[in-house]
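A.B. asks: The primary structure of each chain is shown beneath.
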Amino acid sequence: MQVCPHAVFTQGKDHVDLAQPASCMECGACALNCPVQAIEVQSGVGCAWAMINAALRGKDMDTECSCGGEDGSCCGESKEQSCGCGEK
Amino acid sequence: MDKNDNEGSSCSCTPDPQTRSCSCLADHPPVSEIMTTDSTITSANRLDHFLARWGWKRESHRVEPGLYRLGNPTQDTPVFASANYTLSFDALRSALAGMDAWILVLDTKGINVWCAAGKGTFGTEELVRRIGCTGLAGVVRHRKIIVPQLGAPGISWPEVMRRSKFLVEYGPVRAKDLPEYLKTHNATPAMRRVEFPLKDRLVLTPVEFVHTALAMIIVAALLWLLAGPVAALAAVSAVLGGTVLFPALLPYIPTKDFSTKGLVLGLIIALPFAVSLGTNPTLPGWANAAGAASALLIMPAVIAYFALNFTGCTTFTSRTGVKKEIFRYVPVMALMAGTGVVLAIALAISRLSGGI
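Note that the protein sequences, when read in sequence, are chains A and B. Residues in the first sequence are numbered from 1 upward in steps of one, following my numbering. Residues in the second sequence are numbered from 1 upward in steps of one, following my numbering.
Chain A with its partners taken away, still in its complex shape (with noise of 0.2 angstroms):
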């Protein structure tokens, strides 16, 4: 309930409950933050110039790049941002 921006979710008598699914703009944090795991979400970036640019390289469109929110178009091109540092 803390970590979603569009508040989807209310909180119930012993439960949350999904109250607004259609707000819902697949960012994840719910997941990543449930304490008992209770969530599943195939979460993505709605960016369609992220995916179109995909498409046409011949990539996969839902894994390949993500990118959007307040800054600006796409974050995916120069070879040091898809780099994998903090990943393994």
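Quick caveat, the hints were computed from the structure, so don't treat them as lab data. Do not take every clue at face value.
[Unchecked claim] Straight-line C-alpha distance at most 25 angstroms; calculated DSS-like pairs for lysine-lysine: (1) LYS144/B x LYS176/B; (2) LYS324/B x LYS256/B; (3) LYS256/B x LYS59/A; (4) LYS176/B x LYS256/B; (5) LYS323/B x LYS59/A; (6) LYS144/B x LYS183/B.
Fit chain B to the supplied structure of chain A, relying on the hints for placement.
C.D. replies: Okay, now just chain B, sitting in the frame of chain A:
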């Protein structure tokens, strides 16, 4: 700030797979030096923000990752996490004006918190690593770190807790709400929600426009030579309509999805050009009709495409929604633009060959 170079290079990411692994969490973690910052936004900072907004050297608006001291923090002062994008870091440090704080800047490759979280660079791994790198556990007595809420798509707090013993506390979405938040450490529902007001939409338009400006100038120049100033103006209008007007009017255009919103706006923008191109008394009726039709077909298609591409800049589109939209509308746009271009070429050929 630059004293941190050694640590920075050994820890940050390099394309060479040999040197990629970071040894900060090894048995003897190299504790990096603490840097100092303040809450003042200088004119140099403002210039940097302006250039960032215009897409100038987009990846160079960076802050050195590491631990920063703001004011005179003690062992009990709160720790705030941020991205190493100047706009993110500056928003945080200026929001904390007059307060003491520790700021832990993660290496997000110069990308803002939300984008980086989506990509995973503002993530559990980097947070845990940076806590280790900076020796944060020896700097503060408490074990709590305030992370911006929009970092949550990259962070798993139970995982951070398990690996670093630090408790992640999700702060508000916007840094400017921090002073209010810190009074109670409870974010109001409004602080937790992402809005996308006119100001936030407009601030994105320069980058969108700059991306297409060169192509627009070339197309407009060609059209001026081949078809006259009205056609050139139509090209400029389509780009400005798609990259500036569309974001500004986003919530006011009827229909729900971005493509149809773009088609509606495009049709309105195309109308005067259709009238202008379709009422040339020196040309035969079919040529007028073809001119008007090409404007009505090409301009809405182009604007709808810009509109669809704006999905990535917004704060609320979902991957499945956008994917559906691509499959549904991109073929329509392509068909419209294709037909329009064929008509325009036919018209140009008959004019150039002296047919009309």
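A.B. asks: For the pair we were handed, LYS144/B and LYS176/B, check the Cα-Cα distance against 25 angstroms.
C.D. replies: Given that 25 angstroms is the threshold and the Cα spacing comes to 20 angstroms, the pair holds.
A.B. asks: Hint check: LYS324/B vs LYS256/B, CA-CA at most 25 angstroms. Holds or violated?
C.D. replies: holds (13 angstroms)
A.B. asks: Within 25 angstroms, alpha carbon to alpha carbon, are LYS256/B and LYS59/A?
C.D. replies: violated (29 angstroms)
A.B. asks: Would you check the hint for LYS323/B and LYS59/A, treating anything up to 25 angstroms between C-alpha atoms as holding?
C.D. replies: Holds: LYS323/B and LYS59/A sit about 14 angstroms apart, inside 25 angstroms.
A.B. asks: LYS176/B and LYS256/B: Cα distance at most 25 angstroms?
C.D. replies: Roughly 31 angstroms separates the two Cα atoms, so the pair is violated.
A.B. asks: Verify the proposed pairing of LYS144/B with LYS183/B, using a straight-line Cα cut of 25 angstroms.
C.D. replies: holds (16 angstroms)
When held up to the earlier numbered hints, the structure conflicts with 3 and 4 and fits the remainder.
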